Amino acid sequence: EQELQSALEREISTVDIGEMVMRRMKEVDEVAYVRFASVYRSFKDINTFMEELTKLLSDK
1 EQELQSALER EISTVDIGEM VMRRMKEVDE VAYVRFASVY RSFKDINTFM EELTKLLSDK
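Numbered according to this note's numbering, the sequence shown spans residues 1 to 60.
Hints in this document: simulated from the structure, not taken from any laboratory.
Please note that the accuracy of each hint is not assured.
To be verified - Here are the simulated distance ranges between beta carbons:
#1 11 x 60: 31 to 41 Å
#2 42 x 20: 28 to 38 Å
#3 54 x 11: 33 to 43 Å
#4 58 x 10: 26 to 36 Å
#5 43 x 23: 27 to 37 Å
#6 20 x 43: 13 to 23 Å
#7 18 x 60: 16 to 26 Å
Keep in mind that this is a model prediction, so the values were computed, not measured.
Heads up, the beta-carbon is just placed ideally off N, CA and C, and yes, glycines get one too.
Kindly generate the complete structure, drawing on both the sequences and the hints.
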């Protein structure tokens, strides 16, 4: 929310909003993050899904 308010001087793109949501969601609920990411980033197959899971696990 603070990020959005600080950007009030300019138009905020849906891509920026999506990325902000993903960053915050990753901190709060990893399962929700992966589910959201799979739709937002249009995962095409299980390999793409696994790549995201691997990144998530390596960030810990």
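Status of each hint after checking the structure:
no.	hint	verdict
1	11 x 60: 31 to 41 Å	holds, 35 Å
2	42 x 20: 28 to 38 Å	violated, 19 Å
3	54 x 11: 33 to 43 Å	holds, 35 Å
4	58 x 10: 26 to 36 Å	holds, 34 Å
5	43 x 23: 27 to 37 Å	violated, 18 Å
6	20 x 43: 13 to 23 Å	holds, 20 Å
7	18 x 60: 16 to 26 Å	holds, 23 Å
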